[in-house]
Every structure is written in C-alpha cells, then in structure tokens.
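J.: Residue strings, one per chain:
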Amino acid sequence: MIYFDNSATTPVSKNAADAMHDMLIKNFGNPSSTHFLGIKAAKALDEARQNVASAIGCDKEEIYFSSSGTVANNTAIFGSVLLNRRKGKRIVTSSLEHPSVSECMKRLSDEGFDVVYLPVDKNGNYSLEDLKSAITKDTILVSIMLINNEIGTINDVKNIKKAVKTANSPAIIHCDAVQAFGKINIKPSMLGVDLMTVSSHKIHGPKGAGALYVRRGLNIKPYILGGGQEKGLIAGTEAMPAIVGFGEACKEINYKEQYDYILNLRDYAASKISQIDNVFINSPEDALPYIINISIPKVPSEVTVNFMSENGICVSAGSACKKGHRSDVLTKIGLSPERLDSSIRISFSANNTTDEVDIFIDKLNQVIRKVRT
Amino acid sequence: MKEVILIKNGELALKGLNRNTFEDMMIKNIRFRLRDLGKFEYQKAQSTIKIEPLDDDIDFDEVVERISKVFGISAYSRAIACEKDFEIIKEAAEKFLGEELEEVSTFKVEAKRADKRFPMTSPEISRELGGYLLSKHRNLSVDVHNPDITVTVEIRDTQAFVRGNQLMGAGGMPIGSAGDAAIMISGGIDSPVAAYMMAKRGLRLTAIHFASPPYTSEKAEIKVHSLLSKVAKYSGRIGLLTVCFTDIQEAIRDNCPEEYFTLVMRRMMVRISQKIAKKEKCLALITGESLGQVASQTLPAIVVTDAVAKIPILRPLIGMDKREIIEISRMIDTFDISIEPFEDCCTVFTPKHPRTRPTIEQLEEIESAYNWDELIETAVNTAKFKAIN
Chain G
4 MIYFDNSATT PVSKNAADAM HDMLIKNFGN PSSTHFLGIK AAKALDEARQ NVASAIGCDK
64 EEIYFSSSGT VANNTAIFGS VLLNRRKGKR IVTSSLEHPS VSECMKRLSD EGFDVVYLPV
124 DKNGNYSLED LKSAITKDTI LVSIMLINNE IGTINDVKNI KKAVKTANSP AIIHCDAVQA
184 FGKINIKPSM LGVDLMTVSS HKIHGPKGAG ALYVRRGLNI KPYILGGGQE KGLIAGTEAM
244 PAIVGFGEAC KEINYKEQYD YILNLRDYAA SKISQIDNVF INSPEDALPY IINISIPKVP
304 SEVTVNFMSE NGICVSAGSA CKKGHRSDVL TKIGLSPERL DSSIRISFSA NNTTDEVDIF
364 IDKLNQVIRK VRT
Chain X
83 MKEVILIKNG ELALKGLNRN TFEDMMIKNI RFRLRDLGKF EYQKAQSTIK IEPLDDDIDF
143 DEVVERISKV FGISAYSRAI ACEKDFEIIK EAAEKFLGEE LEEVSTFKVE AKRADKRFPM
203 TSPEISRELG GYLLSKHRNL SVDVHNPDIT VTVEIRDTQA FVRGNQLMGA GGMPIGSAGD
263 AAIMISGGID SPVAAYMMAK RGLRLTAIHF ASPPYTSEKA EIKVHSLLSK VAKYSGRIGL
323 LTVCFTDIQE AIRDNCPEEY FTLVMRRMMV RISQKIAKKE KCLALITGES LGQVASQTLP
383 AIVVTDAVAK IPILRPLIGM DKREIIEISR MIDTFDISIE PFEDCCTVFT PKHPRTRPTI
443 EQLEEIESAY NWDELIETAV NTAKFKAIN
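Line by line, the protein sequences are chains G and X. Residue numbers for the first sequence, in the numbering used here: 4 to 376. Residue numbers for the second sequence, in the numbering used here: 83 to 471.
Take the hints with a grain of salt, since some may be wrong.
To be verified - In silico EDC-like links for lysine to aspartate or glutamate, alpha-carbon gap of 16 Å or less: (1) G:Lys373 - X:Glu459; (2) X:Lys360 - X:Glu459; (3) X:Lys218 - X:Glu173; (4) X:Lys110 - X:Asp137; (5) G:Lys373 - X:Asp336; (6) G:Lys125 - G:Asp289; (7) X:Lys301 - G:Asp141; (8) G:Lys373 - X:Glu332; (9) G:Lys275 - G:Asp361; (10) G:Lys90 - G:Asp124; (11) X:Lys218 - X:Asp262; (12) G:Lys234 - G:Glu64.
No wet-lab data here; the hints were simulated from the structure.
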C-alpha cells in the first residue's frame with residue numbers, strides 16, 4: 004500500500020496506539036471522578052494537555068480539548084461572536100476556508116452578520132490591501148486558515164494582528180491551523196492569533212480529538228453546554244483514549260527535520276509530474292510541500308482515484324470532488340473546467356519515499372494511457 | 083387479551099383451487115420477514131390469516147411495518163384477541179381503541195357472529211358495545227354510513243377479535259408466485275422502482291449490476307447494495323450479480339463510432355444479462371426504461387436493444403413520467419439513495435450526440451468490427467455474487 008492521502012488523515016503512530024490501548028482497557032476512569040481511577044485519568048489528561056501545548060508553543064492552560072477540528076472551529080467562531088456581538092456585526096474570513104469554518108460563516112450571515120470573504124488570486128492568497136480595507140472598527144472576528152487543505156497555499160496570517168490594530172478593531176483573530184500543525188512552526192504568539200484550531204488525526208494521532216488554543220485572558224463564550232469540562236468551554240466527558248493518543252503523537256512531532264525531507268520528496272514528485280505530457284500542478288510553487296494538487300485533463304478525478312485505489316495507492320480527488328460537485332477552492336483560484344474535473348490531491352507524510360513516488364508516477368502514466376485515446 | 087394481526091388476502095381469493103398454495107407462499111414470506119422479531123403463531127381460518135406473537139417483548143409496530151410491505155396482502159388490521167365474554171370484549175374495545183376514538187367524531191360498531199352459540203346476536207352486540215363506547219367518549223356520535231372508525235367485533239370459534247379500521251396492504255401477489263426474473267440495476271432512480279413493481283406482481287428477483295472500475299467506483303456498487311436492500315424490504319432476499327464491464331466498455335470505445343456507444347453498450351448488457359438469467363433460472367429480464375426518457379430509450383433504440391434479446395424484457399415503467407416514477411421511489415425510500423452522485427457505467431463514455439433513430443442493420447454492422455464473444459463469456463463467468471437482504 005502507498006498512502007498519499009495524509010491531508011485527509013494519517014495512520015496512528017505505534018506509541019499513540021499503545022497509550023490509547025492502556026487508556027481503553029486499564030486506565031478507563033472519568034477524569035471528573037474523585038476516586039483513584041479518576042485521579043489517574045485526570046493526571047493523564049493534564050499530561051496530554053502539556054504535550055499538545057508544547058507542540059504548539061503555548062501554555063497548557065491555553066489548550067482546550069475538543070472531539071475534532073470541526074468542533075474547535077465552531078467553538079472558536081460562535082464563542083467569539085457570542086462574546087463580541089454587541090461590539091459590531093462584521094466578520095472577515097477568506098473565501099477558501101474549510102467547510103467547518105465556511106458553513107459557520109453561512110449561518111452567521113443568515114443570522115444577520117455582515118460576513119466579508121476576502122477574494123484570492125490564482126495561488127489562493129488574499130491580498131494585504133483587501134485584508135486591511137476589510138477590517139473596520141466594528142469587525143468582531145477575523146478567521147483565516149494557515150494552510151489550505153486542497154492546494155497547500157500558505158497564508159501570511161501574521162499581518163492580521165497589525166491590520167486589526169490599525170483599524171482600532173475589537174476583532175478576535177482565529178486561525179484554522181489543522182493542516183499546518185506538525186509541519187511548520189505555528190506558535191500562536193508569533194502568528195499573532197487569539198484562537199487556533201489543531202487536530203489529532205492529521206499528525207498520526209487518532210480521530211476523535213482536536214484542540215482549541217485560546218489566548219490567556221480571552222474569555223470566549225461556550226457554544227456547547229453541559230457538565231463544565233474544559234473549564235466550561237467545551238462540555239462533554241473527555242474522550243480520554245483519543246486525547247492521550249493525541250498527546251503522544253504531539254511528542255513525536257519533528258517538523259524542522261521533516262520539512263527538508265518532504266521538500267525533497269515534493270520536488271522529486273513535481274519534476275516527475277512535469278515530465279508527463281499535459282499534466283498540470285495546481286499548487287503554488289511556494290505552497291506547503293506536503294500537498295501537491297495536480298490536474299490530468301481528459302482523465303476524470305474519480306477515474307484516477309479508482310485506478311490508483313485498485314493498485315493499492317491512496318490519493319484523493321481534488322477535495323470532495325463528486326459528479327456535479329466541483330471543488331470550491333479550485334474553482335475560486337480560477338482553474339478551467341477541464342482541470343477542475345481532473346484534479347487530484349497527493350499529500351505526503353514522513354513515512355513516504357521517492358520509491359513510492361516512482362510507483363505512483365508509473366501508475367499515473369498507465370491510467371493516462373488507458374483513458375486518453 | 084392480546085394484540086394480533088389479521089390479514090385479508092385480496093386477489094388470492096380469486097385463485098380458485100390454487101388458493102391454498104398461494105396462501106402458504108404468502109405465509110412463508112411473512113415468516114421470513116418476521117424471523118428476527120420473535121416467535122409467532124400463524125393460523126389460516128375463514129379467509130383470514132391470524133398472526134399471534136408468542137413472546138411478550140415483541141416490537142409490534144415493527145411487525146406491522148414489515149407486514150405492510152409483504153405482497154399478496156390487500157388489507158390487514160391490528161386487533162385484540164380476547165375471551166368470548168361480552169364484559170371482556172367491552173373492556174378490550176375501550177382499552178385498545180379508546181385513544182383513537184378520542185380523536186375522531188363519528189363511528190359505528192359492526193359485529194360478526196361466526197359462533198352462533200354466543201348468547202348475543204350481532205345487532206345486540208353492535209348496539210350494546212356502541213352504547214358503551216358512546217358513554218365513554220362524549221365527542222362521538224354514530225354514523226352508520228360514513229364513520230371515521232368502524233369498530234369490528236368478530237366472534238370466532240375459539241376467541242373474539244376487536245379491531246378498528248383496516249389498513250391497506252402492499253397489494254399484488256406473493257413473491258415467488260410468478261416465478262423468477264432478473265432486474266438490470268444501474269443505481270439511478272428508475273431501476274429500483276421497476277424492481278419493486280415487478281416484485282409486486284409476484285416475481286422473485288435476481289439483480290444484475292454492471293461495474294466498470296476504475297471508471298466507476300466501489301461506492302457506486304455500495305450504492306446499488308443500499309438500493310437493493312430497500313427493495314428487499316418488499317421483495318425479500320435478492321441475489322445480486324455484479325458484472326465487470328470495463329473491458330467491454332473499452333472495446334466499445336476503441337472499436338465503435340462514438341454516437342453508437344450507448345446502444346452497443348445496451349445490447350452487450352442484454353446479451354450478458356440473458357446468459358446470467360439463464361444460469362440463475364430467470365425467465366425474463368426487467369429494466370427501468372421509460373419511453374423517450376433518454377436517447378437510448380426511444381422506440382428505435384428499444385427495437386435495436388430488443389433485437390438481441392431471446393427472453394422477454396419487462397419494462398414496467400415504459401409508460402410512466404419521471405414525476406410518477408419519483409413518487410414511487412420516494413414511497414419505497416430509494417429516491418434519496420438514487421440521487422447520491424456517483425458515476426455509474428451508463429455515464430462513462432457518454433456520446434455527445436447519441437443516435438436516437440438507429441437501425442438493427444447499423445448496429446450489426448458496427449458490432450461486426452470486433453469479436454465480442456470471448457469478452458461476453460468472461461463477463462458472464464466472472465460476475466460476483468452477493469445476497470442482499
């Protein structure tokens with residue numbers, strides 16, 4: 004098997020799986036219980052929180068566990084709006100956000116908020132001018148992703164804080180860093196963001212855990228109510244096995260060394276791909292090297308994905324590219340219909356090798372020969 | 083006092099001396115449908131089939147839901163079986179129908195006394211029970227011509243039954259009574275409806291699906307499984323054969339003119355399907371074609387498709403509008419699955435300008451460019467079987 008779909012999810016590391024197994028079978032207590040099993044669980048929860056905080060570059064008091072990146076994004080957005088709604092009606096976001104952000108924006112727009120979507124260029128970047136003019140003094144929230152999940156575009160979110168200050172805006176700054184976590188430095192204080200979302204299953208942790216960084220002193224309002232877990236911000240009994248697995252996976256993050264390896268792999272793949280006739284790379288050159296989006300005109304995305312799958316290779320079609328459902332991101336960066344309908348996304352992890360790239364290229368040539376006549 | 087189901091069979095009563103066979107077939111079908119819900123006793127008596135649960139914790143609503151989908155049942159009712167004692171019958175009627183009677187305004191009581199030893203006559207039973215129910219429900223008045231609810235009391239040999247209005251059954255004929263046929267299923271809206279309609283006429287179904295990996299995905303096959311499992315709620319178990327169609331589709335692409343792709347494909351599908359039908363002892367094929375709906379369903383196109391068929395092709399939707407088909411697909415709960423967007427083999431290599439007035443001679447000439455026999459044999463012999471419940 005060749006797994007080139009690491010932006011969708013990643014295999015769980017052995018250490019994470021072992022730690023989870025222990026939590027499932029032996030150390031199964033509820034961290035809210037006051038008996039010895041509960042206390043043991045509470046300690047494990049605290050340790051996991053520290054692991055996530057260290058990997059992100061913040062204090063553990065600033066980490067709130069959630070059950071997914073989606074729940075963290077929803078909590079960040081609605082929690083900010085609930086806190087700030089008397090200060091204004093304007094919200095600024097980019098037009099390439101993940102559905103767990105963009106669907107929240109749609110809802111807020113329906114509720115009467117003035118949502119401004121920053122337009123993007125062919126690389127998927129918004130312009131600093133547009134950002135500056137979008138943020139006004141009645142803007143209450145800015146939510147922009149760090150890395151785009153379909154093409155790997157890196158947004159320069161550092162400039163948001165300055166724009167907010169210049170506009171004398173009360174805006175809270177949220178950043179969806181799910182695709183960036185574990186791949187580049189995302190230290191929140193360095194990026195100048197107040198809220199940041201990360202997820203476990205993109206970094207070789209299990210599904211079922213995510214986290215929201217909340218800058219110390221910022222008291223966004225809870226969106227999910229219940230028994231007061233996570234200091235009342237995200238209620239619900241903590242999914243201990245998933246959270247502990249998440250913490251273990253965080254300990255194994257080593258983005259500095261990995262980055263060069265992946266960059267090499269990407270450059271190798273890109274050079275091989277560009278040798279194939281009439282195949283295009285849709286990701287910008289300076290994109291995060293973990294993601295390459297390509298188009299193979301006349302070979303529908305689904306056919307490539309199915310063919311690769313038959314041959315034991317996992318890649319994904321653009322994003323959720325279905326018949327009649329074109330990728331929103333690729334449409335917005337202005338791809339032609341022919342390239343839209345034939346796009347696939349290859350996403351690497353440090354487990355991948357150049358040999359695997361060779362096999363993939365070989366199969367890519369095969370499917371092209373099979374379908375293009 | 084115990085809740086039971088009473089079943090009336092419609093057309094079955096017309097089948098003269100075969101009636102017993104048909105009834106037994108229907109009971110067998112019902113037994114199979116209810117097999118995982120608990121233990122039941124089945125009794126045939128006086129043109130009614132009684133189903134009585136033997137366990138105490140049976141989900142009776144689920145039983146009724148499943149019964150409502152068994153073909154051959156024209157009407158059925160939930161009833162209370164009780165002792166043949168008028169005091170108990172009164173109590174049973176109030177307990178079983180009281181809530182329902184609160185919500186309507188008119189009713190009547192009908193009594194049928196099969197056991198003439200019962201001390202009250204039918205009119206007496208009606209009058210007495212009617213009076214009792216009137217005294218319990220101030221909202222009610224009697225209307226013998228057009229009542230909202232008819233409360234029926236039947237005094238049988240061993241016990242009495244009290245029931246409210248009858249419910250419409252699924253109608254049709256018991257599955258298996260008409261023999262076996264094979265439905266060609268794509269994953270669209272039409273073919274599951276066609277399958278449902280022919281099952282209703284008593285056909286036991288085998289299904290044939292054409293998959294063209296990598297042009298079609300495994301998800302399209304899973305979609306067909308979910309569609310068939312909805313149909314199976316009516317038709318009972320369906321044996322599905324999935325044919326790998328890729329080589330044939332590629333051969334069509336490489337050897338035939340584009341505007342004929344779909345027509346050649348349809349003819350190949352019929353050739354393969356009837357061979358599979360023969361193996362599976364099916365006497366006919368079923369398709370979801372509707373006249374003129376798409377280019378391959380014009381009359382000339384149907385002529386060229388039928389030209390290769392050696393067994394009948396049943397097309398229950400041939401005279402129906404899309405709207406009517408969709409209505410049935412919603413009723414049998416296949417619509418929402420059908421509209422999930424996955425490529426099926428019918429949409430792979432679709433010609434831009436398909437022929438709508440082809441002739442048999444044209445098709446025969448086009449197909450003579452290639453020897454298809456081996457590919458057809460392989461497709462028939464490599465079809466994968468899966469039982470869908």
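J.: If you check each hint against the structure, which ones fail?
T.: 1, 4, 7, 10, 11
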